[in-house]
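Peer 1: Based on the provided sequences and hints, a complete structural model is requested.
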Amino acid sequence: MNRKHLTAILAVSASTAFAFNYETLVKNAESTDGKAPISSIWQEQNAKALAESTSKEVIAGFTDSEASAMKLLSAVKPAYATDPLDAYRIAEVTHWVMVDADASWYEFWREHRGTNRRVWTEALIATALGASDDYVKTFCLDQLRWCAFPCQTEQVARIGASGGKAVRDFAQMVVRELKGDRIGMCK
Amino acid sequence: MMTRRDMLKASTAFSAFNIIPARTLFGATAPSNQLTRALIGFGIIAHSENHLAFNGSRLVGLCDPDELHVREGISEAEKAGWGKIRAYKNFMELLDDKGVDIVHICTPAHWHGCMSVMAARAGKDIWCEKPMTRTVGEGKRVMEYVKTKGRMFRLNTWFRYQNPFYGFGSPVKLVRQLMENGVLGDGPVRCVFGKGQGFWWKFHHSGRVNLKPEPIPSTFDWEMWLGPAPWKPYNHERTHFSFRGYWDYDGGGIGDMSQHYLDPLQYLLCKDDTSPIRVDYMGPKQHPEVVGRFNRITYEYEDGTVVILDGDESLKDEPFITGSNGTTLWPALDKDGKVGTWTNPGEERMFRMRDADGKPVDVAALLNDLPEPAPQQTDFMDSVRTRRRFCLNEETGFRSCTLANLAISAERLGRGFDFDPATMHAKNDECADRYLYQSMREPWATEFMKD
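Chains as they are written, first to last, in my numbering: chain A, 1 to 187; chain B, 1 to 451.
It is possible that some hints are incorrect.
Taking beta-carbon pairs under 7 Å as the criterion, some of the chain A residues facing chain B (in silico) [what the hints assert, rightly or not]: (1) Thr54; (2) Ala91; (3) Glu92.
Below, in silico cross-link-like pairs of lysine-lysine (BS3-like), each with a Cα-Cα straight-line distance of 27 Å or less [claimed, not checked]: (4) A:Lys77 / A:Lys165; (5) B:Lys212 / A:Lys77; (6) B:Lys359 / B:Lys173; (7) B:Lys359 / B:Lys335; (8) B:Lys149 / A:Lys48; (9) B:Lys149 / B:Lys335; (10) B:Lys427 / A:Lys179; (11) B:Lys89 / A:Lys165; (12) B:Lys173 / B:Lys89; (13) A:Lys165 / B:Lys450; (14) B:Lys359 / B:Lys338; (15) B:Lys173 / B:Lys195; (16) B:Lys173 / B:Lys316; (17) A:Lys71 / A:Lys48; (18) A:Lys35 / A:Lys77; (19) B:Lys79 / B:Lys89; (20) B:Lys212 / A:Lys71; (21) B:Lys359 / A:Lys56; (22) B:Lys316 / B:Lys338; (23) B:Lys335 / B:Lys195; (24) B:Lys195 / B:Lys316; (25) B:Lys427 / B:Lys89; (26) B:Lys212 / A:Lys165; (27) B:Lys450 / B:Lys98; (28) B:Lys335 / B:Lys173; (29) B:Lys195 / B:Lys84; (30) B:Lys450 / A:Lys179; (31) A:Lys35 / B:Lys338; (32) A:Lys165 / A:Lys179; (33) B:Lys359 / B:Lys316.
Since the hints were made in silico from the structure, they are not lab data.
Every value quoted in this text rests on a predicted model; they were computed, and no experiment measured them.
By construction, the Cβ of each residue, glycine as well, lies at the ideal position given by its N, Cα and C atoms.
Peer 2: Here's what the structure looks like:
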């Protein structure tokens with residue numbers, strides 16, 4: 001971060017303080033750095049595609065089979081290069097496979113949420129183990145931490161062993177989380 | 001010839017007449033009486049007058065994983081009149097220094113919890129930037145540990161006890177005065193944080209997707225900067241001022257600024273000892289790594305009180321507070337007759353009030369007849385000296401930070417969830433609870449949790 005960058009960001013903040021709207025935000029952001037899109041602007045500009053790509057039907061389809069899950073996860077690219085739409089979809093699948101708090105037992109059984117979650121988590125594990133790039137592995141770990149089963153700790157540990165230090169550290173963290181050892185939880 | 005004995009007698013005599021306590025000579029600002037303080041992190045926020053000026057304490061040192069920041073900090077401290085202060089190798093060396101009384105944690109949010117606990121363990125009193133912690137779990141641990149260790153803790157926000165409340169124009173103490181005296185009715189209130197409270201920061205600190213990895217500058221210790229957060233490829237956008245745009249380190253505008261708004265809210269609602277039972281989210285799905293925008297966050301408390309963070313200005317014409325009896329409170333108008341986003345201290349204007357029929361109420365006259373809220377402990381240096389807890393301490397800070405943590409978790413999930421204010425866990429919602437309670441990289445997880 002250099003002073004010029006900071007000044008530009010502060011200028012955006014100041015200019016939008018009293019005239020906030022998206023058009024102003026977009027205009028100012030484009031004038032400061034058009035290289036990597038700002039997420040909130042990307043969401044605005046791609047709102048329709050984002051909503052359509054993350055509808056319940058589309059998301060559920062990605063966990064119908066291992067093949068569909070693996071196909072989506074093959075879109076994960078090294079070092080932040082994943083297409084945003086794919087990244088949003090992946091995050092949404094992760095959330096969807098977790099049991100909805102309002103779901104009745106019947107809904108759970110009928111919608112095979114448990115099966116969907118198993119398909120998805122195993123696809124994440126397979127993608128991580130099969131990847132040669134450490135960022136792809138950590139991307140998958142970043143999803144497994146929210147949706148993996150506690151019984152998958154051994155597989156998560158294997159992901160850790162398959163990569164460099166970043167992967168090992170992250171996998172260790174996720175294993176701890178899956179075992180319920182989280183900051184602030186009662187011992 | 002004067003003997004040694006004579007000299008000693010003479011010097012003692014001199015001393016007897018001339019021992020003037022430093023406090024008398026210099027007052028509380030005598031170096032020996034001043035509390036000492038050190039800064040962990042010298043990024044943007046550390047430059048502000050809150051950090052370099054700090055009445056009542058003496059700045060003795062700082063550290064930062066960015067050498068350029070350290071050099072800048074040493075130079076600015078000298079210009080500010082502190083002389084040559086110490087540059088610690090890292091924050092652990094700073095915490096080991098017995099000469100430091102107070103530690104000011106000015107790091108990104110992902111470090112706040114761990115450093116607070118480590119500072120308490122080292123016997124320091126703590127002044128921590130907001131948000132207090134990145135997750136509810138971290139906040140809970142900090143609250144319990146700081147209390148156990150008997151340390152004084154404060155958060156770096158102040159609207160619950162001083163200054164007009166952003167665009168509202170008046171101090172929140174006056175609203176609390178109305179609440180405590182039942183002026184807004186006996187039932188729950190509705191509170192909308194929209195345009196009038198200066199809620200313009202909400203979309204700032206949105207990160208960038210598709211960053212490209214960059215070489216790590218030789219002056220920057222990326223590993224130390226990351227600390228408890230997962231290791232990811234370096235890009236300057238993920239550090240310093242713009243780190244807030246990435247879930248690994250903070251939660252966008254909500255992470256950065258919401259405690260400035262939500263802490264005084266908890267105070268004025270008389271809810272310092274509780275949390276919402278539900279948080280709801282309206283807005284687009286979120287990127288798994290990068291903070292985006294939201295439309296609305298809604299909190300509901302057990303007594304039916306509703307608080308809304310209005311993200312798309314769809315509620316901009318609503319009052320700030322609607323009482324259960326229909327009374328409404330509105331932001332003060334500025335000198336141009338408009339609702340502003342900020343009010344300078346000393347330029348307070350009285351907020352507006354209307355009765356259930358919409359008729360204006362003379363607020364000043366009304367307040368004149370009402371008992372005032374209990375005074376608060378508002379001098380942290382006095383807290384450190386007398387060990388009387390500061391008003392914005394580890395407990396009140398934890399409660400108001402929980403609102404930020406809940407909002408960020410709901411935003412990431414793209415939906416709402418129920419919350420139990422007694423256990424401080426999501427209710428029947430495993431995924432939500434995983435967001436609220438996380439682990440961290442070693443060795444920091446161990447440092448955080450050990451006795």
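Peer 1: Give a verdict on every hint.
Peer 2: Checked hints:
1. Thr54: Because about 5 Å separates threonine 54 (chain A) from the closest Cβ in chain B, which is inside the 7 Å limit, the hint holds.
2. Ala91: holds, 4 Å
3. Glu92: holds, 5 Å
4. A:Lys77 / A:Lys165: Holds, at roughly 19 Å.
5. B:Lys212 / A:Lys77: holds, 12 Å
6. B:Lys359 / B:Lys173: holds, 23 Å
7. B:Lys359 / B:Lys335: Answer holds: lysine 359 (chain B) to lysine 335 (chain B) is near 22 Å, not above 27 Å.
8. B:Lys149 / A:Lys48: violated, 53 Å
9. B:Lys149 / B:Lys335: Cα-Cα ~49 Å, so violated.
10. B:Lys427 / A:Lys179: Judged against 27 Å, a Cα distance of about 19 Å means the pair holds.
11. B:Lys89 / A:Lys165: holds, 24 Å
12. B:Lys173 / B:Lys89: Not satisfied, since the Cα-Cα distance of roughly 43 Å exceeds 27 Å.
13. A:Lys165 / B:Lys450: holds, 24 Å
14. B:Lys359 / B:Lys338: holds, 19 Å
15. B:Lys173 / B:Lys195: Measuring from Cα to Cα gives roughly 21 Å; hence the hint holds.
16. B:Lys173 / B:Lys316: holds, 23 Å
17. A:Lys71 / A:Lys48: Judged against 27 Å, a Cα distance of about 23 Å means the pair holds.
18. A:Lys35 / A:Lys77: holds, 18 Å
19. B:Lys79 / B:Lys89: Holds, at about 22 Å.
20. B:Lys212 / A:Lys71: holds, 24 Å
21. B:Lys359 / A:Lys56: violated, 48 Å
22. B:Lys316 / B:Lys338: This hinted pair holds, its Cα atoms lying about 13 Å apart.
23. B:Lys335 / B:Lys195: At roughly 17 Å apart (the allowed maximum being 27 Å), lysine 195 (chain B) and lysine 335 (chain B) satisfy the hint.
24. B:Lys195 / B:Lys316: Distance ~6 Å between lysine 195 (chain B) and lysine 316 (chain B) Cα, so the pair holds.
25. B:Lys427 / B:Lys89: Distance of about 44 Å is beyond 27 Å: violated.
26. B:Lys212 / A:Lys165: holds, 20 Å
27. B:Lys450 / B:Lys98: Distance of about 21 Å is within 27 Å: holds.
28. B:Lys335 / B:Lys173: Since the Cα atoms of lysine 335 (chain B) and lysine 173 (chain B) sit roughly 23 Å apart, the hinted pair holds (cutoff 27 Å).
29. B:Lys195 / B:Lys84: With a Cα-Cα distance of about 45 Å, the restraint between lysine 195 (chain B) and lysine 84 (chain B) is violated, given a limit of 27 Å.
30. B:Lys450 / A:Lys179: Answer holds: lysine 450 (chain B) to lysine 179 (chain A) is near 18 Å, not above 27 Å.
31. A:Lys35 / B:Lys338: Cα-Cα ~38 Å, so violated.
32. A:Lys165 / A:Lys179: It holds: about 21 Å lies between the C-alpha atoms, which stays within 27 Å.
33. B:Lys359 / B:Lys316: Distance of about 20 Å is within 27 Å: holds.
The earlier numbered hints that this structure contradicts are 8, 9, 12, 21, 25, 29 and 31.
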